[in-house]
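Engineer: If you want the building blocks of each chain, they are given just below.
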Amino acid sequence: MKKVIQMFVAVFLAAFLCIYATARLNTFHGYSGKDILTVYNWGDYLDPELIAAFEEEAGMKVIYETFESNEAMLTKIAHGGNAFDVVIPSDYAINKMKEQGLLIPLDHSLLPNLKYIDPRFLGLPFDEGNQYSVPYFWGTLGIIYNPEMLDGRHLNSWHDLWDESLANEVLLVDSAREVIGIGLDRLGYSLNDTDLDHLHEAQQKLFELVPNVKAIVGDEIKMLLANEEASVGLVWSGDAALIIDENPKLNYVIPVEGTNVWFDNMVIPATAKNVEGAHMFINFLLDPENAAQNTEYVGYSTPNAAALEYLPEETTSDQRFYPDPEITDRLELYENLGKRMLAYYNELFLEFKMHRK
Amino acid sequence: MKSRMRNLYLIPYGMWMALFVVVPILLVGYYSLFDIDGRLTIANYQRFFSPIYLGMALRSFWYALLITSVSLLIAYPTAYLLTKTRHKQLWLLLIILPSWMNLLLKTYAFIGILGTYGPINAVLGAIGMGPRQILFTDFSFIFVAVYIFIPFMILPIFSALEELNPSLVAAAYDLGASPWVTFRRVVFPLTLSGVKAGCQAVFIPALSLFMITRLIAGNRVITLGTAIEQHFLVTQDWGMGSALAIFLVIAMGLTIILTESGKQVK
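As given, the protein sequences belong to chains A and B, one line each in that order. According to our numbering, the first sequence holds residues 1 to 357 in order. According to our numbering, the second sequence holds residues 1 to 266 in order.
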């Protein structure tokens with residue numbers, strides 16, 4: 001009995017020590033409630049140096065938390081119990097959050113740097129008038145391939161993915177709308193198609209693609225492609241830029257049939273505790289020099305027109321990552337199709353995943 | 001007086017069980033009765049019996065069975081040899097040591113090891129058999145799963161073997177039993193409890209594996225665990241996810257009952 005009590009005392013002591021130490025560490029930094037800004041963002045999607053610079057400039061402590069998918073982020077925010085001040089969701093997720101009343105309108109007078117954003121990327125359908133959101137990065141969905149592993153062949157369309165010579169060579173991202181989207185684009189349907197017959201047709205088309213599919217993976221697709229584990233991949237342009245950065249042999253192409261164009265945007269959720277700080281942070285990231293620095297770090301395409309001047313010419317003139325308006329006009333934004341339709345897309349995708357070679 | 005004291009001690013335990021075991025299971029059961037629009041329905045259970053989910057369930061069982069059998073085949077001899085070694089504790093520690101490492105980290109390491117340019121393919125290439133695809137195959141999936149689960153199979157078998165009275169084995173030999181007969185009639189039946197505990201510890205988590213189905217099998221292996229993850233995180237169809245979870249709970253309960261039933265016969 002004595003031993004048991006001794007053990008309990010030891011455990012409690014250790015726990016209290018830990019609590020005391022963390023509390024001590026926090027006061028040591030001199031931050032309290034109002035000086036804390038919590039940012040909820042995709043992993044590795046913001047230059048840490050900028051966070052440090054902002055902390056210095058604004059005298060706030062920034063807590064950076066990350067999510068892996070819009071859906072995971074939505075679930076967490078809808079459940080409450082957290083106080084994120086700035087969140088960076090994608091286009092269709094913003095639409096959903098608006099519908100559910102999870103966002104607060106932005107005060108444009110606190111965001112003077114908004115004027116630097118290319119007007120082409122303002123007032124998009126998911127948030128007309130940018131009442132709730134400010135674009136952060138944008139890009140496309142396309143094909144990355146390794147010409148060296150394909151005997152110098154070049155790909156330029158979804159159609160090419162079905163080619164027999166690519167047997168067991170294609171990596172896909174584990175995401176329903178993207179993969180079903182290939183089928184839809186290939187057949188000339190809209191990426192936001194809700195016609196069940198069209199969706200089935202797309203799924204049938206995708207079944208024919210199965211022999212070419214090596215694996216359906218998550219974020220590790222970047223590592224796998226850079227290591228030449230497979231020669232072709234379905235990726236977002238931002239990831240493509242990172243992969244090419246690591247292995248310059250690879251090339252990225254926006255398929256001729258059309259594809260998805262996406263925007264990640266900064267928003268302030270309704271549960272924010274530090275709304276003023278959130279505006280300061282957004283404005284800070286809209287500053288052309290900061291935006292340029294962030295773009296260099298993240299490698300995605302910036303919608304900040306003034307920032308382009310701080311970036312190397314070879315980056316900004318690269319049609320793969322900064323395509324002209326004529327090209328982007330042909331591409332489609334994902335619309336919020338509603339829970340039921342999304343579930344249906346996922347069911348079709350699940351069947352596709354279970355389809356054996 | 002004494003029994004009252006004992007009841008007092010039971011209160012925290014009872015509360016723990018209620019809060020973290022009974023209530024969550026009831027909640028999952030409750031959620032499983034709602035469809036995606038929040039209407040009360042049993043459609044989720046009907047959907048489970050559609051070819052897609054039934055196929056998935058069968059596949060989950062098949063892979064869990066494979067993983068358990070392979071683990072057992074490797075673990076039993078290993079545990080047996082362990083009891084014969086001089087530095088038992090050291091060897092045991094070496095077997096447990098990898099499970100101190102983060103699971104995700106180990107899985108990521110396997111992507112490199114099994115990859116086209118990984119060490120295994122380098123060896124295969126050197127002896128003129130490669131490179132061949134190992135990653136994203138059934139083989140790699142079973143291999144990594146067995147690697148992850150095998151300590152949980154070795155440990156209970158090892159302790160069962162340790163508890164085995166050596167004089168029983170000696171007696172069997174004295175009475176003229178061959179080594180094989182001794183093993184089959186004496187050693188194995190007496191260590192069956194360890195084997196059962198090990199099989200439960202491997203089979204049950206193997207049923208609901210997810211993550212490594214994507215990282216190592218590239219989603220070529222789809223288990224119920226994958227589907228549950230998807231329903232909760234992507235489609236937000238909590239009802240269907242919960243219904244699948246309930247089926248897994250039932251399957252696990254059955255597994256335990258089936259493996260335990262042998263005991264009463266004895």
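Keep in mind the hints are simulated off the structure, nothing from the lab. Keep in mind that the hints are not guaranteed to be accurate.
[Unchecked claim] Computed cross-link-like contacts, DSS-like style, restricted to lysine-lysine with a CA-CA straight-line distance of at most 30 Å:
#1 A:Lys339 to A:Lys76
#2 B:Lys88 to A:Lys3
#3 B:Lys106 to A:Lys222
#4 A:Lys61 to A:Lys273
#5 A:Lys98 to A:Lys34
#6 A:Lys76 to A:Lys61
#7 B:Lys196 to B:Lys88
#8 A:Lys76 to B:Lys106
#9 A:Lys76 to A:Lys34
[As the list claims (entries may be wrong)] Stretch-level coverage of chain A by chain B, calculated; a stretch enters the list once three of its residues show a Cβ under 8 Å from a Cβ in chain B:
#10 13-21
#11 44-50
#12 66-73
#13 147-160
#14 227-239
All C-beta atoms, glycine included, are put in the ideal place defined by N, C-alpha and C.
Engineer: Evaluate each hint against the coordinates.
Structural biologist: Hints, one by one, checked against the model:
no. : hint                 : in the structure
1   : A:Lys339 to A:Lys76  : holds (16 Å)
2   : B:Lys88 to A:Lys3    : holds (28 Å)
3   : B:Lys106 to A:Lys222 : holds (18 Å)
4   : A:Lys61 to A:Lys273  : holds (13 Å)
5   : A:Lys98 to A:Lys34   : holds (26 Å)
6   : A:Lys76 to A:Lys61   : holds (22 Å)
7   : B:Lys196 to B:Lys88  : holds (22 Å)
8   : A:Lys76 to B:Lys106  : holds (28 Å)
9   : A:Lys76 to A:Lys34   : holds (22 Å)
10  : 13-21                : violated (count 0)
11  : 44-50                : violated (count 0)
12  : 66-73                : holds (count 3)
13  : 147-160              : violated (count 0)
14  : 227-239              : holds (count 3)
The structure fails to meet hints 10, 11, 13 from the earlier list, while all remaining hints are met.
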